[in-house]
Amino acid sequence: MKSCYINGIGCVSAQNTTRESASFKDFQELTENVVSAHKPNYKTFIKPAMIRRMANGVKMGVVASSLAMNEAGIDLPQAIITGTGMGCLIDSDKFLKNLIDNKEEYLTPTSFIQSTHNTVGAQIALGLECKAYNVTYVHAATSFESSLIDGMLMLTEEVDNVLVGGVDELGPYTTELHKLIDHVKDEDSLSEGILASKSKGAIFSEGAQFFVLENEKKKNTYAELRALTIINTPTENELKHKLLLFLRENNLEIQDIDLLICGNNGDVEFDSFYLNLQRSIFKNTQQVFYKHLCGEYNTVSAFGMYTACQLMRSQTVPDILKLNNVKVESIRNILLYNQYRGENHSFTLLSL
Amino acid sequence: MEELKLELKEKIIENLNLEDVELSEIADDEPLFGDGLGLDSIDALELIVMLDKDYGIKLSDPKLGKAIFESVEVMAKYIVENRNK
Amino acid sequence: MYKGVAVTGMGIISSIGNTVDENFQSLIERKHGISRIKKIETIHKNSIMVGEIDLSNDELIHFLGLPENNNYSRTALLGEVAAKEAVKNAQISDIDSYKTGLISATSVGGMDMTEKYYYSQFDESKNRKFIECHPAGDSSTKIAKSLGINDFVTTISTACSSSANAIMLGARMIKAGKLDRVIVGGTDCLSKFTINGFKTLMILSESNCKPFDENRTGLNLGEAAAYLVLESDEIVKKENKKVIAHVSGYANTNDAFHQTASSDNGEGATLAMKKALEVANLSPENIDYINAHGTATSNNDKSESKAILRVFGDNIPSLSSTKSYTGHTLAAAAAIEAVYSILSLQKDVIFPNLNYKTAISETGIIPVTEVLKKRSYHVLSNSFGFGGNCSTLIFSKS
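Protein chains in written order, with our numbering: chain A, 1 to 352; chain B, 353 to 437; chain C, 438 to 835.
Careful, some of the hints might be misleading.
[As the list claims (entries may be wrong)] No more than 30 Å apart at the CA atoms, straight line, and that leaves these computed lysine-lysine pairs for DSS-like: (1) C:K678 with C:K536; (2) A:K97 with C:K566; (3) C:K536 with C:K521; (4) C:K440 with A:K131; (5) C:K615 with A:K218; (6) C:K482 with B:K418; (7) C:K582 with A:K217; (8) A:K2 with C:K612; (9) A:K200 with C:K582; (10) C:K615 with A:K242; (11) C:K636 with A:K131; (12) C:K712 with A:K131.
[Said to hold, decoys possible] Pair ranges (Cβ atoms, derived): (13) B:L416 with C:I480: 19 to 25 Å; (14) C:I465 with A:N276: 52 to 58 Å; (15) A:D188 with C:N506: 29 to 35 Å; (16) B:A419 with C:S798: 19 to 25 Å.
No lab work stands behind these hints: they were computed from the structure. Please read all numbers here as calculations on a predicted model, not as lab measurements. All C-beta atoms in this analysis are idealised placements derived from N, C-alpha and C, irrespective of residue type, glycine included.
Model the full assembly from the supplied sequences, consistent with the hints where possible.
Below, the structure is given as structure tokens:
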């Protein structure tokens, strides 16, 4: 496989990450159990004629992808690959509610059209008049990773650059449903942060993160995306086994990993997957987490990758992210691990 | 008729989410589709539903919409002649 | 000469049959599956025609041997039936013996259950198990679990071109050596959501759809699932596998014209067909049959016809849309039409475009209207979806 470098990033999240000087120093830990994204001034990125029909997720995606392409110096990507767990929920919820409340009468098409999962990728292509390869992955917590795998394959096969991203938006009806089944964390348990909450569920949030991947290492390259693997439903033993195999395939041992970035979200039922690795084979590795800053959504591992890139570039680890006090001289290899509710696990390797 | 035209302009702005457009900016005879306001085929479908829901006029063929929605003036005339609500 | 990626098995369930053999029989007997809708209560039931599968959810659950307390959406049930047939057809006894993946496609996901229990979820808990089956990826996870696949599982959703992209990704991963074997395809069931959604776009026909006909009035929605098993040349050699066809060409382009309508001159479709031919190392005159997207909407059939004329010029191969049999099965469409394309190669027959009378005046393309005995070597299959997604696959005789 050809090398793959991350040369541009755009991030819309619960933190003010679209600001040019966005820094982890300014980020605040989330204290509510459902948190909307910090919205940029959409009018500076999108023509008014197009904004009017855009779903929230589409607007976030268009902004994040614009930022990524600007940073990488690209006008037209050679492929657009998007991941989303639930698509444009607000419009999907809206169309469904109208359907049921009005007994199938007087329904209008806009929210139906916006609800299709590939709307974000399609709107990005429409805005750029980009006729290139365009696919949307919709596999829960590995939607973003599936997009990355396809992107890396495209770079080896036929293109020089790929725009890859993850988008998910909060939908009010869907959030209420998930509260019924304890997927949303009880807000009362958050007084001392997600890790101390000892309760079921996670903070629900939303966001869009896009990356420009290229074959060429450039002056502004954040990191090399070396490899990634996804495992649907492993047992804890199978997981450990697959991880060691994954590292070996990339000529690495545990001690070569300078930084472990995990998707701990404080869910008392499922964080054990992280804790088991963090307390055993990685106990001497510098560890950080990020979901206390951005919440949980199907493509949130893209925020994890945003975090990894920032840390790789700055070669420092902000206190707000630290899970332990292990220090390393330099950050050359970062391993990201994410899963959601015990399924769709992914390991991603970034190198300097 | 004037009241209906004003009402239509309000509904166009609301239903089609034209948040930046002022009522005064839509001339009675300004083309709504293509040039002018720049609406498209999805907007036409939204307006067809509006005709049914608010004025009781059912259009079975979406292609007829183009002629009826030529301008606010033309729309108002059509509604006056065909409304059931 | 590189032939493409080997197909060693297939499975399908649609309104014209519960297995590959049943579908084939219906195709050659001109038995379509279009009727009034029976299982979903909708105010539109007397003004639309659909391609509905006869089996109820309970019957599917029983057939699959699932426990009574399951949270399968109809999408997942249909998908599992078809995927299991494909794996059996490919004579796979030990799924773990090679690195195996599943790439499935869907647009409806578990919406059929979500819409059923929309408000009742807040009053009673008995149906809350279906909340987790709503997302698109759930059906893929269930199918993968039932087949014992854990190496690589993902889901694609690009509206009506979804399963073409699933097949394409599978082929690319085999070629790149990332997987030895992959089950690829898609599944979608009928739902009130999609019926009403398409109604608002005013593209549903009140009668049986007439693809490529001047007087076509829109599409019939359908439900279906289909999967192919793709295997590497190494496995084929080692296990002495029977290859039923090759995926020799594929392409994905974007029309980038409008959210739901195709461009007048079929730009995206033209690019997709040309690129697929390039990948297959074929010229237009090598194509013996086009299984068209042919939804019978005013927009698609004209746009697709123009694109076909641009690519094939004066030599248009035999062409038909099998949506006249099954309706438009959305994310499953490309997968079921892949099965029909391969059947065409295997059985030397081209399936007719039902309900056709008059050519579209602007383009004059005349589809095949009778069951045609013809030996084909290369079949091209188109699938175009909302969001400008244009995908083309080429299947070649093994």
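Hints, one by one, checked against the model:
1. C:K678 with C:K536: 16 Å, holds
2. A:K97 with C:K566: The given pair, whose Cα atoms are some 20 Å apart, holds under the 30 Å limit.
3. C:K536 with C:K521: 18 Å, holds
4. C:K440 with A:K131: Roughly 28 Å separates the two Cα atoms, so the pair holds.
5. C:K615 with A:K218: With Cα atoms ~27 Å apart, C:K615 and A:K218 stay inside 30 Å; holds.
6. C:K482 with B:K418: 28 Å, holds
7. C:K582 with A:K217: Judged against 30 Å, a Cα distance of about 40 Å means the pair is violated.
8. A:K2 with C:K612: 15 Å, holds
9. A:K200 with C:K582: Holds, at roughly 25 Å.
10. C:K615 with A:K242: 15 Å, holds
11. C:K636 with A:K131: Measuring from Cα to Cα gives roughly 28 Å; hence the hint holds.
12. C:K712 with A:K131: 12 Å, holds
13. B:L416 with C:I480: 19 to 25 Å: 23 Å, holds
14. C:I465 with A:N276: 52 to 58 Å: 57 Å, holds
15. A:D188 with C:N506: 29 to 35 Å: 32 Å Cβ-Cβ, so the 29 to 35 Å window holds.
16. B:A419 with C:S798: 19 to 25 Å: 21 Å, holds
Hint compliance for this structure: hint 7 is the single one not met.
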